[in-house]
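A.B. asks: Each chain, written out:
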Amino acid sequence: MTQLKKRLKSSIQFLLSCAIILANLFIAKLIMHTTGGSFPAPLLGMLLLVTLLLTGIIKEAQVTPFASPLLNFMPLFFIPAGVGFIEHLELIQQYWQFLMTALLLIPLTSLLLISHIISHYKSKDQHD
Amino acid sequence: MINYWWLSSFAVVGLFLILKWLNGYSEKPIIKSLTNPVFLAITIIAVLLVSLDLPYKPFFEHTQVLSVLLEPAIVALAIPLYQQFVHIRKNALLILLSCAAGIINATFVGALLGLFFCAPSELAASVAALSVTTPITLLVTDSLGGIASLAAAMVIFIGVLGAVFGFIIFRLLGIGNDQAQGVAIGTTCHAIGTAAALRENPKIGAFASVAMALSALLTALIVPWLYPFLQQALL
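The listed protein sequences derive, respectively, from chains A and B. So the first sequence is residues 1070 to 1197, counted in the working numbering. So the second sequence is residues 10 to 244, counted in the working numbering.
By construction, these hints were calculated from the structure, which means they are not laboratory data. Mixed in with the good hints there might be a few duds.
[As the list claims (entries may be wrong)] Derived DEER-like restraints, expressed as beta-carbon distance ranges:
{"hint": "1", "chain 1": "B", "residue 1": "Ser35", "chain 2": "A", "residue 2": "Met1169", "range": "25 to 31 Å"}
{"hint": "2", "chain 1": "B", "residue 1": "Phe238", "chain 2": "A", "residue 2": "Ile1096", "range": "24 to 30 Å"}
{"hint": "3", "chain 1": "A", "residue 1": "Gly1106", "chain 2": "B", "residue 2": "Glu36", "range": "46 to 52 Å"}
Quantities reported herein were computed from a predicted structural model and do not represent experimental measurements. All C-beta atoms, glycine included, are put in the ideal place defined by N, C-alpha and C.
Isolated chain B, as found in the complex:
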């Protein structure tokens, strides 16, 4: 039987490029967020594999060439992080503290929910690092013993939710400060939220970019120590 799995990498790249091109055509902010190429690519591939009853393992093995590049790409995240450091000097402490508060809150709420729903440990660990960009979530969740792929899918979905409903929530609650909106969206809804923030207002987008970069750093520093501590303290 011919092995068609070797086509997987090409299929993923092709699908992603088509979706990215289509996403560029949509002008309405909500449509742009809902048609996010990563969100759609993962959904389409997952639906295809499940509906055609195809196994995930050979797909993953034959797309290793893409997954292998994730590690150097994470190291390269140092560049936007360094670039944003220059801009936060003026409000550094406030942004740093509020980002840290958001990340600690996300891990704490995740741990509490895990306890409340009596979730198995691997599932509870999967929601410990959701307030950060996807590549960081993959690594941190894996190091905590969680299901990295589930956390990644949840983080992407949170990004879409934040991009669609984030600014509606701010309007309902009367939060009009640009810095407050930007830092909140950047920390909780990472790249997809930041893209929506940039479309909403460049100033909000700038704060969101800073917060997204900072939350990547803070999550890497805080969550691997905080989560095991919370687990011990809450049990």
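Chain A on its own, in the form it takes in the complex:
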């Protein structure tokens, strides 16, 4: 009997967690639909949920039963979309120099910029 109760409780917790995440997504989609903005709705949903967690309206434990498996398997969900680049192989072939330069220069410049900003302020902190 107690095991049945435990299972029932965890099922309700899972459904509640699922409802919270889907409600945030739905509200975000509704906001973007009514305002006609181009901001991606799932990102707005993420921001809404962060705000609810930071203000304490929703507790972390209420969201984790559904969020944890979703986050663990997240890479799986973008594999089909990631393969889509094969539809643009001609464009990639035509502009491969641009793409290769972007692939190297964008992370390299950001990596150097960020590490230098922090190193600079940290060494200044130690001298002060």
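We have chain A; now place chain B onto it with these hints.
C.D. replies: Using the frame of chain A, we list chain B on its own:
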């Protein structure tokens, strides 16, 4: 003719699980990064579809069950973001500013390169949001009119590059500060870089996790407004 496309979802899940299991066996950090299951799964499926002359559309349609879950998963990213917020209080402003600087730099360099190489607008928009985790890049690039799948593949490749060469670059340049290394790797090389950072040193990994979560938030807030502004300003 029998439609075998319905097997696509099972094939993707099976391939991913096998690759993840194999990745768990490698102990050398470089091998672990190069055999990243997402990177390998995308490469193997792309090579198979192209070499067998199979169309992408039915593959994508029959794997919708996986793609549909991406939206609630992005909402669920709020959890690691919330968890990391607790840890950044002490260095909040410095981490926030350096993350923002990295994201602005990435978008700015992307826009400049697009202009320099006279890239068509959809291709130029595809490199506007590369300094962030893959699911966010898919959405932001799509909203900018870019090729989301290309951006996603590039982001994953950048992650692998960062995981393999990131710490070599730091050593060559004499950047030894843990916070500097962690925030830089987390912002530019997201999850794959963060995993490598955690293997390198737990403290660097912690800063990388914070920066990765923060860059997801900042990219969502900054890039959709910055890129159109840069496009107008540079043209």
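A.B. asks: Which earlier hints turn out false for this structure, listed by number in ascending order?
C.D. replies: Per hint list: zero violations.
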